Structures are given as C-alpha cells and as structure tokens.
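A.B. asks: Residue numbers (this note's numbering), protein chains in the order written: chain A, 1 to 331; chain B, 1 to 331; chain C, 1 to 331; chain D, 1 to 331.
Some clues are possibly wrong.
A short list of chain D residues far from chain A (calculated; beta carbon distances all over 12 Å) [unchecked claim]: (1) Tyr95; (2) Thr183; (3) Arg221; (4) Leu272; (5) Glu289; (6) Ala292; (7) Asp320.
Computed Cβ-Cβ distance ranges for the label pairs, DEER-style [what the hints assert, rightly or not]: (8) A:Asn31 to B:Met1: 13 to 23 Å; (9) A:Arg317 to B:Gly304: 39 to 49 Å; (10) C:Ala329 to A:Asp306: 51 to 61 Å; (11) D:Asn31 to C:Gln148: 30 to 40 Å; (12) A:Leu103 to B:Glu161: 42 to 52 Å; (13) C:Glu246 to D:Ser43: 37 to 47 Å; (14) A:Cys117 to B:Gly304: 50 to 60 Å; (15) A:Cys117 to C:Gly297: 31 to 41 Å; (16) C:Pro27 to B:Glu40: 28 to 38 Å; (17) C:Thr288 to A:Asp213: 49 to 59 Å.
So the derived list for chain B, only partly shown, Cβ under 8 Å to chain D, looks like this [to be verified]: (18) Asn7; (19) Ala10; (20) Gln14; (21) Pro71; (22) Val86; (23) Asp87; (24) Ala89; (25) Gly93; (26) Phe94; (27) Val127; (28) Leu158; (29) Arg162; (30) Ser286; (31) Pro318; (32) Ser322.
Everything labelled a hint here was simulated from the structure, so no lab data went into it.
Model, not experiment: these values are computed from the prediction.
Note that beta-carbon positions come from the ideal geometry of N, C-alpha and C, so glycine has one too.
Protein chains: 4
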Amino acid sequence: MQFLSDNAAAVHPQVWEAMRAADEAQPPYDNDALSLILDERFSALFGREARVLWVATGTAANCLALATLCPPHGGVACHREAHIEVDEAGAPGFYLHGAKLMLAEGDGAKLTPDAVCAVIDPIRDDVHQVQPHALSVTQASEYGRVYQPAELEALGALARERQLGFHVDGARFANAVAFLGCTPAEAAGPCDALSFGCVKNGGMSAEAIVFFDPERAALARYRRKRAGHLQSKGRFLAAQVLAMLEGDLWLANARAANAAAAEIAGACGSRLMHAVEANELFVRLSPTERDALRGQGFGFYDWGSDAARFVTAWNTRPEDASALAKAIAAL
Amino acid sequence: MQFLSDNAAAVHPQVWEAMRAADEAQPPYDNDALSLILDERFSALFGREARVLWVATGTAANCLALATLCPPHGGVACHREAHIEVDEAGAPGFYLHGAKLMLAEGDGAKLTPDAVCAVIDPIRDDVHQVQPHALSVTQASEYGRVYQPAELEALGALARERQLGFHVDGARFANAVAFLGCTPAEAAGPCDALSFGCVKNGGMSAEAIVFFDPERAALARYRRKRAGHLQSKGRFLAAQVLAMLEGDLWLANARAANAAAAEIAGACGSRLMHAVEANELFVRLSPTERDALRGQGFGFYDWGSDAARFVTAWNTRPEDASALAKAIAAL
Amino acid sequence: MQFLSDNAAAVHPQVWEAMRAADEAQPPYDNDALSLILDERFSALFGREARVLWVATGTAANCLALATLCPPHGGVACHREAHIEVDEAGAPGFYLHGAKLMLAEGDGAKLTPDAVCAVIDPIRDDVHQVQPHALSVTQASEYGRVYQPAELEALGALARERQLGFHVDGARFANAVAFLGCTPAEAAGPCDALSFGCVKNGGMSAEAIVFFDPERAALARYRRKRAGHLQSKGRFLAAQVLAMLEGDLWLANARAANAAAAEIAGACGSRLMHAVEANELFVRLSPTERDALRGQGFGFYDWGSDAARFVTAWNTRPEDASALAKAIAAL
Amino acid sequence: MQFLSDNAAAVHPQVWEAMRAADEAQPPYDNDALSLILDERFSALFGREARVLWVATGTAANCLALATLCPPHGGVACHREAHIEVDEAGAPGFYLHGAKLMLAEGDGAKLTPDAVCAVIDPIRDDVHQVQPHALSVTQASEYGRVYQPAELEALGALARERQLGFHVDGARFANAVAFLGCTPAEAAGPCDALSFGCVKNGGMSAEAIVFFDPERAALARYRRKRAGHLQSKGRFLAAQVLAMLEGDLWLANARAANAAAAEIAGACGSRLMHAVEANELFVRLSPTERDALRGQGFGFYDWGSDAARFVTAWNTRPEDASALAKAIAAL
C-alpha cells in the first residue's frame, strides 16, 4: 500500500500498447508519424494553435520552456517552494545560463499577483539589478493546490502588463483539470508555455512542452537537441503522449488519483495542512502515528518532523485508499 | 529494405521483455534495484571498477562525461568530423559552459597521437589561448573505422603525458568490440569515461556512461539531474542496459549488424571510401546508380554528390543485405 | 557637500602619481614589473602566502574569486542583502555558470554560523537539491557593519567543517581594518580569497583579488582573461594597488572616511538604523527632514521612504562632515 | 627601439590630460557628463545613430557585441586566425554561453563572402547542426591587412541575405581608417556593432563598443554590468575615448604608426609576408638575421621559426623606424 509518490508508478497498459505499436522503424528524432501529429492534437485540445515537443522529464520541459521566455541576464518569478527552485538541482541556472529565480511567497505554494509584485516591484529599473522577464506557476501546485481559471487570468494580466513570459509547470496538470472540471485551456490560463506532465499520470518517460507561440517552439527545438533531449527513437515518446490523450486517458487517470486522495482527505479533518484538490495530501501526524501507519503497511514520506506526505496515483487501488482513510481516522 | 540508419531500428524483444518486467513500482530515479546493480555489472564486464549512469541519448552521455574531464575554460581535442563537433547542435558548448573543441585531422575520422599533437602543440602555454584538457575519440568512428587496442594505448599514453582526460564515444562500441574480438576493456583503451551505446544496437532510450573514476561519476550524478536527464522511472533505462548485457546480447546484435555490413562490403570493391569494420558503409555511387538502387527498393542517405551511406542494424535481414550486395555488384 | 557614495570619489594624488610613473612601456598584461611584485607585497601584508590578481571592478573580483570556490552545479551561501545578490546584475550566475546564491538572514547584513546553517542544513544531501560549496561575507558589510576576528573565525570553522570555500568581499575592507585596529589577516579571517577594494578608497579602476591558495589563483588567471578582464596595460592597475599599500595609504584613507562617518554618527543618536563602524550611515529621516538637509546643500540617497544613506569617502572634508552632523542634530 | 606591440605603449598626453580633467566626482557608472555624450559624438562621427558603451578591453568589447548578435545555440563565422578565436582564451564561449566560432580561411586573415559561404553553406538546416547567426571581421586584420569599403559592403550583403549579425573587431580600426582615407562609416561597413579600439592607439584602458541598433545597445548594458565591466568611475573611460576623438587624435596617432610601418616596409621588399597597410609587419627573417637585429637593440617577437613581427605605435620615434628600416635593408 504505497503512497510514496506518483512519479514511479507503473505504466498504464494503454501506454504500453501504444509504445509496442510504435516499434516499427520510422524516421528518427521527431520526424516520425506520431511526433508529427502532436501539434494538431494539442491545438485541438487547447483550442488554440499549439506547438508541442516531447522530452523525457519535467525538469527538461520546464527549463526548455523557460529558456525561451527569459534571457540569461533576466529573472523568473516563482514560488519559494516551486519545483524549479527546490528540486531541480539548479537546472534553471544551467538551461537559462545563470538567470535568477525570484522567490515569492503564497499559501499552498500558489502565487498571486500581489505576491509576485512584492518581489518584483522593489527591483530598481537599472542595470545593477536583475530584471524580471518571466513568471512560472505550478498547476497543481507543489502542495496539491489548484489555481482557479480566474486566478490564472489575474496572473496572466500581470504578466502582460509587466511584459513577463508566463509558464505553467503542469507536472500534475491532469489532476488540476480533473479537479476543476473546466477545459484544459481554462486550467492552463493565458500562458505562453505549459509543461504537460505524463510520467506521474501513467506514462513512462515522456512529457510534452506545449508552446502557444510558434517562434518559441522553434527556438526550443534547437535547445532540446543541444541539451541532449532529442531522442532518436522519439516515436516512443510521442506514442506515450498520444496514448495519454486518446479517449482522455489522462483525465481518467487523474480522476482516479484525485478520487483516492479525496477519500483519504475525508478522514483527515483538521490534520490537513493544505486543502486536497489534486492527488497529494500533507497530513499532520506525530512520529508515533506515522509509525503506527507504517506498521500497518502504508508507505509514505515524512514531511518535516510532525507531518507526512501521501501521494495517490492513477493505479492506487481504491481498497488501499479506503484502508488508509480508515487507519488515519482510527488514530 | 532500409539502410538509412541504425538509430531508429526496432527495439530488441529481450529489451522489451526486460522493460515489461520492470513495470512494477520501485524507488524512483536511480534508486531502483536495477539501477543499483549497474556498477557491479560493468565492473565485471570491464575488469576494472566502473561507475555507471544511464541517460537517454548519446549526446547527453558524451557531454556529461566530457563535463567531468574539461573545465569551462579548457578545450577537448577531437576529430574534425566527430559527432560531438558535427551533429550535437553545440551540446558540448552547453554542457561544458563554453569549452572549446579542438579539431584534429585523420583518415576515417580516427585520431592519432600525431594528429592530436598537430593541434595542441602549437598552443602557447599562456592564459590567452585555450589549453587542452581532454581528448575524445569515437569507437567505432563516424566512418565505421575501429581503433585497435594499441592505437588506443598510444592515445592514452599521450593523454597521460599531457594530463588530458580521455573519453570514448562508444555510440557503436558494440560494433567495435564485435569487430576486434577483444575484451571490452581492450576496445575502450585506457579511457576515463566511455559512452556505451545501446540505442543503435537494439535499445530504445538508454545509453550508459561508464566512468572508471568514482569521483567523476559522483560529479556527473549532479550534472545529470541538473540537465534534466535523471528520469523518475529510471528503472526502465536500467532495464534496457542490463538486457543488452544479459547473455551478451549487445555483442550478438553487433555481430549481426557487422556481418550484414561485411556482406555488402564484399560487393563494393573499390567503391568503398573507408574500410568496413563496423556497420556503416560509405560507397561511391553516381546519382544514376543511386537512383537505380532506390528503384529496387533500397533506402539510404546520399553522402555528398557522388556517394551513399548504408547502415546495417541488429535486425537487418540477411536476405536484404544479400539483395543489396547483389544489386551493387550488378551496377 | 556630497555624501552620495564613495564609489565615484576623486582619485588620490598618490595614486595619480604612481600611475604617471608607470607610463613608460612595459611588457603587457600582468608581466610588467609592478604586477610581478603584487604577490610579494600582499604576502607580507597578510603574513601568509598570497597570490594577487588585479581587476577593474569589485563585481569581477567577487565573481572570479567565487568561480574558483564553487562549481556550476553548486551554491554559495551569502546574506540576502549581499552585494553579489542585490547589485551585481546576476554576475555570479554568469561567472559561476548558473550556480545558486543561498540567501541567509542576519542583522546589519552580517552572517553568523547559525544563520548560514539555517539555510544549508535543510538541504537534502541528494542530487535533486543544489549543495552548498562556498560561503561569502562582506567586510565591512553592506550596512557598514564590521565582522570581529572571532566572528570570522567562527564562520571559517563552519566553512572547514562543511567543506565550503570561504570568500570575503572586501570592497570596503580598508574601512573594516581601520575600525578594528587589528591586522589585515585578522580582519580577513581564515578565508580562501578576498576581494581587496581600492576604487572606493581613492583608487581609480583597480581592485585586487587576494588568493591564499596558489591553485585557485592559477585558475583565476585563465578565467580573468576569458572574462575580458586582463588589460594589456595592466601596469596601471598594479600601480594603483601598490600605491594604496605604499606607506599604508589604504589605511590612512579609510581612517579619514571612518572618522568623518563617526562624527556624523555622533549627531544621529537613535536615528541610526545600524551601528556606524565603517563609512556608511543609515539614518532615519522623514521626507521633510531630508528636504531640509538637501536644502542646505547636502547630497545623499534616500533609503526607503523614511531613511537616508550617507557615505563618507577618503576625501570627505572634515568641515563638511561637521556641517552635516550639526544639521542633523538641529533637525 | 621597441617594436614588440602597440598594446603596451605609453598613454598619449592628451589622454592623460582628459583623465585628469575628469577627476572631480561625478555620478557613478555611466551617468557622468562624459559618458552621456558618447552617443552623440559617435553618431556624428559615423553619420548614423550610434549607441556607445565603454569597456576596458577589446576582448570584452568583442564579446559583449557578439553576445547581442548570436544566441547561445548559434554560431559566429570568423577567420581561423581571428583574435576572438586565437587570443581571447575562449571568451566568446563564455560570453555567448557556448556558441560556436565557425572558422573560415582567407589571405591575410581577411574574410570574403566566398570564404564565409564555404563554411556556412554545408551546414544542414536542421537542429543537429549549429546554425550561423553572425559574422565577425577584424579591421585592420590580424595580419595588418585592411578591408576596402567595397569588400565590407559585399560581406554586409551576405550578412543581410543570410540574416547574420555583422560585427567588426576594430582593435586597430584607426589604422584602417588612416590607411583608407575614407570616412569611418565606410571603413566600418554596414555592420551592426563595431569594437572601436583606443588602447593600442594611445589610450590606457578604454575601448568603445559602437552599436548601430539601440536595442542591442540596451541589451549590452545589462550584459556589461553582469560581466563586471561597468566601472563606477566610468568617467575616466569616457574621458579616454573622447580624448581620442578630440581633434581627430585617433587618426593622427594611427597615421604616425602607419607611417612608421610604411617606412620599415619599404626596406623589406620580398621579405614581407603580407602587404603592410596598417601598423604591423610580418617579415621573413632567419634566426641569424633576427639575432643580428636584436644585437642592434631592436625588440620584436618571433613569428614562427623564419619570420618576425614588428608593430609600430603612435609614439614610435621616426628615427627608430628609420634605423630599423636601414638595419633590415643592410641584412
């Protein structure tokens, strides 16, 4: 009964199937028949013209996107607990050639226009201080919180006003859309580029970078190769991404994960540190309580000294979620 | 009857099998049971202590290896037609933070100590000129030529004498070992790091960087994550690499490709631009002759205006190789 | 009666004189007779073996020093208001190829071991998080506060324990030494590299990077040229630095600036935001009060909405300092 | 009787005078009265709108200019013996974040459209190969050869056609203009940015980057600070540059250097390896002959084993030039 992370869960059978179907040789890199239809599929999904590149990881997706939005001498405003700041080993510094992350506060790892302004307004408009060039938010956030479309619109308006590129890290974008019940376009907001996650949602090794600006996508194609992320058998990445879209598998998987999280959340009451809107739970639990749960066979990470993090996945068994809910309720 | 490239060939059934067997969730990144035994397996294979990291592409493998051998202000001596110079979109400049490739000449894209010295000896030992810090060779070379162990020893001796790191790009290392009939250690020479290719030899999306120095490997682990190349479901990459080693599949695959190339080579006579030692053939063919071959259903790339490149793969059908041989002989 | 900054003050006559004396042609770059004696002079000054490079700016000095202490994938702990973080346009990101500044708190822009640990202790020792590799403090600090030798020893002990390189930004190092009345070695602490400032202290365009490790200095020589900071008529920079040392001009200049600041401080009482230990004063003054002072001919910068910053320099006239002191007292 | 280089020659008295006149405190960085008139002066000089930044070295000037013309994933075509390739310690790799220099051939270190095309035409228009984004020529060249206006027009036409930025390294631009007897605009050709050299022509530590595109200049201002090249007492650099323009001192100095070179050239006959058009002479001289000249008190560098390089400067004494001419004639 594992709730450690969704990032190592099994691969969905439909993804396997699509990969096997792609085995036959095709032109290499992204010239295969599958890669070539990504633009069209995502344009349809988002109702705006999209250009799509696959890459193997969310870190690569985020950084390649940001590298088209911010020059080496610029800055990217993001949350202090954003994945790009905390868990990507300085990859933005590498891909953006030393650009700076500008760290804003906000409940649940979510940004607001005010929080962003608190960081960028004090910056003097001179050459001695790094100027902001982009904004990055995570949908759903690192604490499993989801931006409402109106919240993204407000951030997008700020971005436009300040001439900031707007990036959405959507490692768990599917969970956000499943929660919101809105269109993908609404859940992405008026962004320039979206890291559309698949790996945590039943994929194996493919994420999609969705650009809503053809010029940035063209730039990213050079940067992807230069970063060693243009795989020669790219058809297997395209196959994964397309399998996720097929029949809305991505939403079905995310709904399953969200539902499991919601059931557990129902048992947590005031133990919850953050509202549960996606598939992550941050739960106040004493060391003794955590031991008790582990003794019952539940796997999860500690979150500091007095809490734990539980993550559900597309394949979390309902009975496991129920068992965990009961076990927490019984503490 | 495709001879376009080995880089998009189908994935070997044993690789598929190993990937499927790895589907069950495991600790993420490279903490899974498969990734953890890579060091041991490669240490046994090479008879020296090895530390091994998987990555998705040869470009990433080469550049992560080189980044441990050369500082940003240094230079890497390589052949003028080395893959790192010609076909990696400037990735060494990115990964090595602006380090310089120092281009040497040599038949068949092979380096010799003399050719390297011709490039590095004229460099003044002062701060105005970029100093050489590493040497990179490709085994088998970009023209399908293979370094004899003694040739690598001579280059290794030069590297030691000049305090240069020594890297081997082994995108087609298996083909070289299969040709030489020697041990992998002999075919790699006294190098510090080897990019051990799998993708062109029946893999899907995994190459192994083999470090013969634990400190450089430790460094590369940070750099790999920072480059967005640490996949969370890394077990699928480890599975591919291990499947290649299992029962010497890597050598069996390479032998099959080499044999197909040899058969075709036998029909080419003086048309051959380079001795055929691995799985690539560079063949003088007029436009008319190339048209004729294409008319018979053979797929291949032009190589300039008067030649063609044919590449065999692990799954080239013997009858296709025979057919091509006959067709060329009949021209 | 200008108290805007020391960074644009006139050049000291002895510096001019030394520069004129250096006019005659010499070997270029740092091969002239003046540059060649820098190591010896600074070794004597610090009582430890030192290797010294001149550069034109404090930003270059800081960044070239740090680039020898921290790899591209590492981090440098510094104060949230450190000059390298706030006022160098992201130069550390450029020179250190994307390394990260890790921001610590502390009164008066001074670090303590505890403040540094609060930032680096939570970092997980894995490849997902940037690991700290160096520590940088400013002596005197950005708020004109001075580290006592024992405070530097404590930071040095932490640096040793955690294997962090230790850098001191000494843009106003002279003012700190003048305040402490100790040896330069004591005021620099057990650091690996010191940016020894001259420009704010009567120089024109030369700072000295003092390395206490020959290997790092050797590395920095390549990096200096690569950054376009190796001037061909370097003798004029060496001349400035040597003129500062000659007859302890650097200390005399700093004492004059400190004395002027002290006199003004005496009139400020509880208006002072920070103890005045060097040549900067941060003084609570309402807009009306600031207008009044400006009306009397005093030049200075606002510091937020309710304060002002005054900086004295080597050539601040005593009568101007007295006049300012009286004017503030009279408010 | 030194002919080693112009890069360490004495500073012209008028430059000294202008620097002394600038001693009085002014706003720091480039906000002083002198820096503020650079744009206007150079716009008048070139008859087109120019934006001008001072920096301390030619390397910084070249690299800051190029960094506005070529992205990190691009390439800059230049001569194989260009200073940026040979003598700047890899600074372009640093400033351009790993961009590539693409090396073309050409007599006298001069490029032609054909020579550039020979390098860039074979580049496949795909993401695997670095694409050219800029072109850099040196006026006068590294061998003292000068581009005629028509030659620059032809290169400029190529640059426009291929959408390449066009940079001129004018470390010895004054010598070229003096030789050509044309306008500065004609001698610079239709370039986007010119490194206008002063240091080798009687300055101390200031070069001017002349941008003919305000946006690129704005970008370079951030990059200059980020590179540690924005000096706080920038007025001393502006003073040097303005002194060079005052009364056409730059041309007078260059004419003097050129005249000295021409006199020596007259004695060299077929010993000359390159036509002498500026202030450098490359002269075939045996070791014995070089010994003889050195025995007579002439200082110069060897150029390989059978030649020598002589460089004249603004302050080369006519009698020294005559003496050298006679000595060579007498060999």
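A.B. asks: Look at each hint and say if it fits the structure.
C.D. replies: Consistency of the hints with the structure:
no. : hint                             : result
1   : Tyr95                            : violated (10 Å)
2   : Thr183                           : holds (32 Å)
3   : Arg221                           : violated (5 Å)
4   : Leu272                           : holds (44 Å)
5   : Glu289                           : holds (50 Å)
6   : Ala292                           : holds (53 Å)
7   : Asp320                           : holds (45 Å)
8   : A:Asn31 to B:Met1: 13 to 23 Å    : holds (20 Å)
9   : A:Arg317 to B:Gly304: 39 to 49 Å : violated (60 Å)
10  : C:Ala329 to A:Asp306: 51 to 61 Å : holds (54 Å)
11  : D:Asn31 to C:Gln148: 30 to 40 Å  : holds (36 Å)
12  : A:Leu103 to B:Glu161: 42 to 52 Å : holds (49 Å)
13  : C:Glu246 to D:Ser43: 37 to 47 Å  : holds (43 Å)
14  : A:Cys117 to B:Gly304: 50 to 60 Å : holds (59 Å)
15  : A:Cys117 to C:Gly297: 31 to 41 Å : holds (37 Å)
16  : C:Pro27 to B:Glu40: 28 to 38 Å   : violated (57 Å)
17  : C:Thr288 to A:Asp213: 49 to 59 Å : holds (50 Å)
18  : Asn7                             : violated (11 Å)
19  : Ala10                            : violated (22 Å)
20  : Gln14                            : violated (30 Å)
21  : Pro71                            : violated (10 Å)
22  : Val86                            : holds (7 Å)
23  : Asp87                            : holds (5 Å)
24  : Ala89                            : holds (6 Å)
25  : Gly93                            : holds (3 Å)
26  : Phe94                            : holds (5 Å)
27  : Val127                           : holds (6 Å)
28  : Leu158                           : violated (22 Å)
29  : Arg162                           : violated (18 Å)
30  : Ser286                           : violated (21 Å)
31  : Pro318                           : violated (31 Å)
32  : Ser322                           : violated (32 Å)
Of the numbered hints listed earlier, those contradicted by the structure are 1, 3, 9, 16, 18, 19, 20, 21, 28, 29, 30, 31 and 32.
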